[in-house]
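Undergrad: This is what each chain is made of:
There are 4 protein chains.
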Amino acid sequence: LTPPARGTVRHVQRVEFGDCDPARIVWFPNFFRWIDAASRHFFVACGVPPWHELEQSRGIIGTPLVDTQARFHATATYGDELLLDVHIAEWRPKTFVQRYRIWRADADGPADGTTLVTCDEVRIFGGRSATGKLFAHPVPEDLRRLCGGAEG
Amino acid sequence: LTPPARGTVRHVQRVEFGDCDPARIVWFPNFFRWIDAASRHFFVACGVPPWHELEQSRGIIGTPLVDTQARFHATATYGDELLLDVHIAEWRPKTFVQRYRIWRADADGPADGTTLVTCDEVRIFGGRSATGKLFAHPVPEDLRRLCGGAEG
Amino acid sequence: LTPPARGTVRHVQRVEFGDCDPARIVWFPNFFRWIDAASRHFFVACGVPPWHELEQSRGIIGTPLVDTQARFHATATYGDELLLDVHIAEWRPKTFVQRYRIWRADADGPADGTTLVTCDEVRIFGGRSATGKLFAHPVPEDLRRLCGGAEG
Amino acid sequence: LTPPARGTVRHVQRVEFGDCDPARIVWFPNFFRWIDAASRHFFVACGVPPWHELEQSRGIIGTPLVDTQARFHATATYGDELLLDVHIAEWRPKTFVQRYRIWRADADGPADGTTLVTCDEVRIFGGRSATGKLFAHPVPEDLRRLCGGAEG
Chain A
7 LTPPARGTVR
17 HVQRVEFGDC
27 DPARIVWFPN
37 FFRWIDAASR
47 HFFVACGVPP
57 WHELEQSRGI
67 IGTPLVDTQA
77 RFHATATYGD
87 ELLLDVHIAE
97 WRPKTFVQRY
107 RIWRADADGP
117 ADGTTLVTCD
127 EVRIFGGRSA
137 TGKLFAHPVP
147 EDLRRLCGGA
157 EG
Chain B
7 LTPPARGTVR
17 HVQRVEFGDC
27 DPARIVWFPN
37 FFRWIDAASR
47 HFFVACGVPP
57 WHELEQSRGI
67 IGTPLVDTQA
77 RFHATATYGD
87 ELLLDVHIAE
97 WRPKTFVQRY
107 RIWRADADGP
117 ADGTTLVTCD
127 EVRIFGGRSA
137 TGKLFAHPVP
147 EDLRRLCGGA
157 EG
Chain C
7 LTPPARGTVR
17 HVQRVEFGDC
27 DPARIVWFPN
37 FFRWIDAASR
47 HFFVACGVPP
57 WHELEQSRGI
67 IGTPLVDTQA
77 RFHATATYGD
87 ELLLDVHIAE
97 WRPKTFVQRY
107 RIWRADADGP
117 ADGTTLVTCD
127 EVRIFGGRSA
137 TGKLFAHPVP
147 EDLRRLCGGA
157 EG
Chain D
7 LTPPARGTVR
17 HVQRVEFGDC
27 DPARIVWFPN
37 FFRWIDAASR
47 HFFVACGVPP
57 WHELEQSRGI
67 IGTPLVDTQA
77 RFHATATYGD
87 ELLLDVHIAE
97 WRPKTFVQRY
107 RIWRADADGP
117 ADGTTLVTCD
127 EVRIFGGRSA
137 TGKLFAHPVP
147 EDLRRLCGGA
157 EG
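Protein chains in written order, with my numbering: chain A, 7 to 158; chain B, 7 to 158; chain C, 7 to 158; chain D, 7 to 158.
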């Protein structure tokens, strides 16, 4: 198995029977469940404190999704073990792009595995105003460094 | 269609393609998703204020599940429209039994429809202690009356 | 409520407690569950036979997703009733673009409601080869007409 | 960590943010998703061939659920790692009881961990009749032995 690139965090996900639809392939909304889990694990793996701590200390409630674009290249089914490689592709003043490659190592497939899904998300470091509305914090410099981001 | 009995609230649920598994029948955890929705709708239909209001006014955060017993009689698939008939079968000092019949009206089936799932749940009116632990409030007399409960 | 435009099918979806995450807003993968249901309902509403019939008669197993792009404009929570307006924005030789606007009619909001999510999907009329691989059928002329598509 | 007893298979499950509800605890239908996964993993771990093979060779399509009884003892939240210990508690001529203990090893808890959920399921080795109806195969002697079952 190719190790993940520097700055990339790998998340492993088994596919279960109940994740599959009557066509016996993963029902696509489940890929987004796993992508969201991989997003959070990325921050945990980088040493970012859990959201409920950051909410107390800085008013950051998490990294809500603003925009997502996903492409489905190949299907998966139960028994498969998926690898989600995650990194931050771009830092912007108030948003960032989190990039995913979901793939599977097949015994008889190409050496770098079969790509199933690629996805680019735009997320924010979310805060909540007094009236309960979500807003975007400026990307905190220290969190960006923890996540392997170069100077902007 | 037989109307629901007095004290019974009926909840309608379409079955979607993604609710079904590779055997092309509803994957059973989805029945519990719908049962939980029907539980909440029962209280809304009886005029019980929403949980976030009751949390403010009385410290009741909802009706957490303590125990459930379900029997699966027949299967369903996408395109089916399910009826969930819900009532409170028993009131106890600190718990209550919420009872469900999930059924489907089939054109060529029995007049009272095909029973798919029957379920008895024990729930509490939940509070949260200072340390965050769940506890059971005594069943509030006024809420019991709203839900059609006779004197204990 | 504004009625849906010609060629647009409206799908109604209640938000349940269990659809919401610890931030008390809809957990985003659930929007994709509802989008997929709205996609299938669109074809049913247009008079397209169910997939298991089309599989028998023409080898069309459904409309698998190739690519999706979604933008999240505002949040929703349980108790909300969402409207999903769906139409086909573009027909191509072997794919089509299915477009969604998910919105909510707020008593005190703008007359045309609050847009929550917009989404453009590329889908195919999927077939399965002898080896089990998915492939794209040319878009069938008669199905395109049923769905309100002008000549290509 | 106590190792699982003989005849017991242990399944590990992370709790994700999206598995939790607005009360910030696992939404209970998700426990059933994990129980179903643990059920299948039990058979895989015991050396039972996958269902799609058994369907071909013997007409066994899986182990559909007939009845379930679950008790919820304590709550869990995201970041928790759950252990699902599974064994067959009883073999009957045409059904069997699959028993689950879901628990968490807490640093400062009791030595044998905190029990969150206990569950007893009645399942069958399911077949499908010519008309598509599910039926129960007599429990196959060889599969029972693989799963650690004593003579009946």
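Rather than coming from a laboratory, the hints here were simulated on the basis of the structure.
On a predicted model such as this, the values are computed, not experimentally measured, just so you know.
Any given hint might turn out to be false.
One copy or two, it doesn't matter: identical chains are merged, so the pair holds either way.
Cut-off 20 Å, straight-line C-alpha distance, at most; resulting in silico cross-link-like pairs (EDC-like, lysine to aspartate or glutamate) [to be verified]:
#	residue 1	residue 2
1	K100	D86
2	K139	D112
3	K139	D91
4	K139	D86
5	K139	D114
6	K139	E96
7	K100	D148
8	K100	D73
9	K139	D73
10	K100	E147
11	K100	D118
12	K100	D114
Undergrad: Work down the list of hints and note, for each, if the structure agrees.
TA: So, going through the hints one by one against the coordinates:
1. In this assembly of identical chains, K100 and D86 lie within 20 Å of each other by CA distance neither inside one copy nor across copies; the values are 37 Å within and 29 Å between.
2. In this assembly of identical chains, K139 and D112 lie within 20 Å of each other by CA distance solely across copies; the values are 16 Å between and 45 Å within a copy.
3. Neither within a single protomer nor between protomers do K139 and D91 lie at most 20 Å apart by alpha-carbon distance, with minima of 32 Å and 25 Å respectively.
4. For a Cα distance limit of 20 Å, the shortest separation of K139 from D86 across copies, 16 Å, qualifies, whereas the shortest one inside one copy, 40 Å, does not.
5. In the homo-oligomer, the alpha carbons of K139 and D114 lie at most 20 Å apart only across protomers (16 Å), although the nearest pairing inside one protomer, at 50 Å, exceeds that limit.
6. In this assembly of identical chains, the alpha carbons of K139 and E96 never lie at most 20 Å apart, being 26 Å within a copy and 35 Å across copies at closest.
7. Only within a single protomer do K100 and D148 lie at most 20 Å apart by alpha-carbon distance; the minimum there is 14 Å, versus 47 Å between protomers.
8. Taking identical chains as interchangeable, the C-alpha atoms of K100 and D73 lie at most 20 Å apart only when both belong to the same chain, with a minimum of 14 Å there against 26 Å between chains.
9. In this assembly of identical chains, K139 and D73 lie within 20 Å of each other by CA distance solely inside one copy; the values are 18 Å within and 30 Å between copies.
10. In the homo-oligomer, the alpha carbons of K100 and E147 lie at most 20 Å apart inside one protomer (11 Å), although the nearest pairing across protomers, at 46 Å, exceeds that limit.
11. Neither within a single protomer nor between protomers do K100 and D118 lie at most 20 Å apart by alpha-carbon distance, with minima of 34 Å and 29 Å respectively.
12. Taking identical chains as interchangeable, the C-alpha atoms of K100 and D114 are never at most 20 Å apart, the minima being 43 Å within one chain and 30 Å between chains.
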